[in-house]
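With the hints as your guide, set chains B, C, D and E with the ligands onto chain A.
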Amino acid sequence: AQETVVAGALRFVSNGALFVAIEKGFFKEEGLEVELRFFQAAQPIAVAVVSGDIDVGMTAFTGGFYNLAGKGGLKVIAAQAREKKGYEGNAVLVSNAAFAKGFRKIEDFPGHSLGITQVGSSFHYQIGQLARIKGFDLKRVELKPLQSLPAMAAALKTNQVDALIIAPHIAKGLAAAGDAHLIGWYSDFDEYQFGALFTSPKMIEARRATLEKFVRAYQKGAGEFASAMLRLDGAGKRVFDPAAADPIAGMIAKYVYPSDPPAEGTRKVKGATFYVDAQARLDVGDIHGQVAWYKSQGMVDAAVDPKAFIDLGFVKGHTNVPR
Amino acid sequence: MRLVAERIGHGYGALDVLSDISFSVADGEIVAVVGPSGCGKSTLLRILGGLERPRAGRALIEGTAPPGSLNPITFVFQDFALLPWRTVAGNVALVLEDRPLAAAERREMVAGALARMGLADFADAYPKQLSGGMRQRVGLARALVVRPAVLLMDEPLSALDAQTRELLMDDLTGLLAAERFAGVYVTHNLGEAVRLARRILVMSRRPGRVRSVVEIARPIAGRSAGDAELAAAAQAIWESLREEAVAADRELADG
Amino acid sequence: MRLVAERIGHGYGALDVLSDISFSVADGEIVAVVGPSGCGKSTLLRILGGLERPRAGRALIEGTAPPGSLNPITFVFQDFALLPWRTVAGNVALVLEDRPLAAAERREMVAGALARMGLADFADAYPKQLSGGMRQRVGLARALVVRPAVLLMDEPLSALDAQTRELLMDDLTGLLAAERFAGVYVTHNLGEAVRLARRILVMSRRPGRVRSVVEIARPIAGRSAGDAELAAAAQAIWESLREEAVAADRELADG
Amino acid sequence: MAEPVPFRGGGFQPRARRLVAVATLAVLVAGWSLASRAGWVSPIALPPPEEVATALVRLARSGELARHLAASLSRLVSGFALGAGAGVVVGLAIGLVSLARSAGMPVIAALFPIPKIALLPLFVVWFGIGEASKVATIAFGAFFPMAVATYGGVDGVDRTLIRMAQSFGLPTLSIVRKVVLPGALPAMLSGTRIAAAIAIILIVAAEMIGANEGIGAFILAAGNLMQTDQLVAGVVVLSVLGLTVSGLIGAAESVLLRWRR
Amino acid sequence: MAEPVPFRGGGFQPRARRLVAVATLAVLVAGWSLASRAGWVSPIALPPPEEVATALVRLARSGELARHLAASLSRLVSGFALGAGAGVVVGLAIGLVSLARSAGMPVIAALFPIPKIALLPLFVVWFGIGEASKVATIAFGAFFPMAVATYGGVDGVDRTLIRMAQSFGLPTLSIVRKVVLPGALPAMLSGTRIAAAIAIILIVAAEMIGANEGIGAFILAAGNLMQTDQLVAGVVVLSVLGLTVSGLIGAAESVLLRWRR
Ligand SMILES: Nc1ncnc2c1ncn2[C@@H]1O[C@H](COP(=O)(O)OP(=O)(O)OP(=O)(O)O)[C@@H](O)[C@H]1O
Ligand SMILES: Nc1ncnc2c1ncn2[C@@H]1O[C@H](COP(=O)(O)OP(=O)(O)OP(=O)(O)O)[C@@H](O)[C@H]1O
Ligand SMILES: [Mg+2]
Ligand SMILES: [Mg+2]
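Residue numbers (the working numbering), protein chains in the order written: chain A, 1 to 323; chain B, 1 to 255; chain C, 1 to 255; chain D, 1 to 261; chain E, 1 to 261.
Just so you know, the hints here were simulated from the structure itself, not pulled from any lab data.
Heads up, some of the hints might be wrong.
Residues on chain B that point at chain C, a partial pick, calculated with CB under 10 Å [claimed, not checked]: (1) Ala123; (2) Gly132; (3) Thr164; (4) Gly191; (5) Val214; (6) Ala217; (7) Pro219; (8) Ala221; (9) Gly222; (10) Gly226; (11) Gln235; (12) Trp238; (13) Ala245; (14) Arg250; (15) Leu252; (16) Asp254.
Heads up, the beta-carbon is just placed ideally off N, CA and C, and yes, glycines get one too.
So here's chain A without its partners, still in its complex pose (with noise of 0.2 Å):
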């Protein structure tokens, strides 16, 4: 009989891998049945692994994160989405009024306001990073927490708030339409690891092997994303080769736009699309770094050490893992 592993996840793009290998039945082939729980915001998806609601769950990382993570409730063990250099990701946007006011790169940031969910997200995270690259100070930058990505694009476009930094689908759009000005991609500034597949200690200890089975079909979810999603021209710059790109794109439409018809919902993707490692690795460094920069600002409580929630014992090869 089939084994049953219940995940959750929002309908992102970013978890692309996971419904890529859902859909290749790799799941199947090791035995497991995968039941998806859909939820509407991230931080309930650590809580339902906490709780035992759900075995393994897929999101971005954020303080309430690493605070859950901390009290060991959490364990990392693959990775999610991340920032890497040469690929679209997070951008960031400037209304058109702080535009033309003359708000035009990076170092223009201080004295502005900038829209984001909710304290502790990553956007609070990455507009962190670009003040410590850029070395301005953040308190400088008035933050606005306004809850949802909808609620953040109604008050650039209407100049309520100064920028934003948006997923690039949603970035693209409104730069477009002349509704904001994109000034610059995040990863033209920075890596970062931008989200994981986790689960609970409980859940180690009673299925480990499921899980080991969980994480290499996963992977090879993975690695079909990044070879159909991924792929650059001699320039460095992103192409899709529609052969290849579109049935996968396709898969992952079906899970992030349902109710758009296939062609527009694999377009979308691949305006959405994020970069994945081929085999799942995290960036172990940069979260360490993470979770530095959140306690170094009082949000993550000064005991949580990344060493005690990522367990590096599903994924060969993660990078940049400390000593």
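Same frame as chain A, now just chains B, C, D and E with the ligands:
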């Protein structure tokens, strides 16, 4: 000044309450109105005082109000109708505040009315601190302060206990004898009616009509609580009312 | 069975309410208690009925309750104390429901009590539909249905208008004369006291003491409303009480 | 020489006329529609009523409305039953027992003013992301007003009625059942009114966590997507739900409290 | 042969003893602490009280508490003043004028049951993401209970007092000022109590959008970061704020309503 009821009739919705009531109250005369529960006594009084418009007939003032009267037709209420958030003095002052009077004159009038009702020591007390008897004395002081010509009194003593009622009755007879107010005195208590009134209007059950009018010639000042002649008059009225009172008592309110 | 008050004293906090009250109520005897407002009459009655524990002294039952009496000491309340959500029959049945009686017997007892108070037609009416007089008749029916030996009545007529009071007084004298209940009858109304009681306990102001006891030897059945001898007795009590009543009236509640 | 007594009564008895009420609502909707059509109000700020109506009709036709309503109602009913039931029990204890009163009142006073949305993250940890946390949110909201109304009602029961029952030797349990409970019923019913209103208000908060179905989830999704026509349609559904529940409680009152006025 | 009359009174007068109240709270906190230390309650589910206390102290020491409180209080005060003020005016109109009653009652009945969180997206469109939308959210929440309490209070003013004033020839304006308003004051004050409670509850919702400062924003951030100690600390602050405001209104009542019991 005479107060005249001219063929007054009234009702609420389909309910006929008063029918064809005519009588008049002459200067200095007290008319008592008695009748079974719900026969429209209070309604009649409200119509006489201009608080309600009758369906038929009208209430008239004949002659002019005496000079200096601020409110010729003045009510005294069964439940006292004092503002609980005002002191005794404040309650009496209330009815002068919108009159063109100097502050000093107003103060003097209030103090005078309180003194007359034996309330001088209670000027700053709140109603809740007073006994029922004292509260009604405040109601009387408030009525006196506007120098009325006709007092309309709706069971002014019925909310008091028997002993207090006795005490206030003495005050009231003294007052009415001394001041020569005219008055309409509604009551269930035939003893009160025969002690205060020159004429007693006996009403029938609803729709209330005038069943009979009993005259008592003796001056009020000479009447006393234990008077046998008055007791006989009250007894006679009671005999005539009794059956209707029984019927009123056994009436079911719908609901 | 005799009900005996033995040197009863009581108070609330620092307020002394009753002091050293002794008297007894013999079989079939009605004792009236009169006194100025707030002198502790209601408190005394509650102590006699076992609803309050006195600070000093005690209330005693001498002898045994008559056989068949379900509730030897039974109250009749000033404000009737009817459950508004029960019909007339339901209110009377209430006090039998927790007794070991057959349903049929209970129904019969209720019907009998209602019939005796002239309430047979009103069994299914709610209290709000009744006049005050009828409500107190329900209160009396409820008291009768438990076959009491002693009735404790706290101003049972004072919430009624004068005419209804007159009607109920007739019912009550009839009842007490026919059934030979013993009773303690608290009232402000001296007229009621002299018509009903064999002995009248006159109390002083708070803290209430027994000032005097007035005996009226004539049988209740023979007394009537216009009786001159009774009126004189009432008048005498009134003279003795008057000053205290005035003082009670002029008392300020603190607050 | 005779003049009528001057009339000085009347007034201070405003009457609500049904016709004016209907007319007012009609005028408001018409004005809203006009303002939208004339372009005074942008469709983002407030969609025209026709669009809201269209959205509602579409919602009803597609069966989505029924699905969302069913999900929300099942949460409402179970959450309300749990919370209000517990509220009645605790309220009765506080109203009758000194120890419960001393212990319960301060706890209720301290917990009542806490906004339930603030506790959502904890609710998720305590009750998970399934139905339990949603039901618990609603139950928590309904509990406090019900408990407060119940002990208020018990406090308000006429003590002479209780003394009367005692004077006839009724056992304590009978007094509670036959005197205290019916006497507290009016206050408990108005507590029910408030508790139900709060439960409906909390539907949106409860469905913030992991709900795909339900009127609250629908409104939140519409708000996130700035689909204001659907948002307002959802709000209209909640308003109608509120009016319906309040009407039902009114009907229950007029049956259960027949004996009053 | 003489036996005492059996005692059958007493009871049904539970008293709240302050000592038991304090003891209850102490026992609850001690039990909570014990459960945390014994590991029965995971720190994710509920942080131990010591940690909450530490978080509170740190918050107070760093001046953050003052900053957040100041931000929230200014929103609370202005939102409450606007909403409650408008509520009193509308309530008076409904209580006194037939036309206002006919028009106002159905509108209030239809809008009252709408959860304010559901309207947040619209408020943001109408009032932006600055202070205006937060103040408006609170004002909207305070308006309805105040309006309902005010017209309820006006309806409840003893009509014989009004007829008395008329019978002495007082002008209408004087009657409103000297009879109706003081008579409605008790109901208006209990409306104030409810409106203030709702305003405090709405702080969290109001500060969901675009707020960096404020107790609500602080609680939301703590929830996002799963810093449950800070979350509970923020909730404690709101609870204390609620108790304080309720105490202040109680004090105002005992001054303004001296004339009552
Ligand atoms: N505003 C009103 N609306 C409808 N019915 C009324 C109104 N006022 C009085 N009634 C009815 O009119 C009848 C007469 O009432 P009214 O108060 O005048 O009687 P009354 O003789 O004063 O009675 P009582 O002796 O009990 O004081 C009663 O049946 C009463 O229910
Ligand atoms: N439960 C109580 N707690 C405190 N004080 C009380 C209580 N019951 C009565 N009193 C006070 O005790 C005194 C006597 O009250 P009680 O009701 O016995 O007097 P009463 O003679 O029946 O008065 P009335 O003639 O007005 O009915 C009053 O001053 C009253 O305020
Ligand atoms: Mg009347
Ligand atoms: Mg008494």
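Handout entry: Violating hint indices (sorted, rising)
Key = 1, 5, 6, 7, 8, 9
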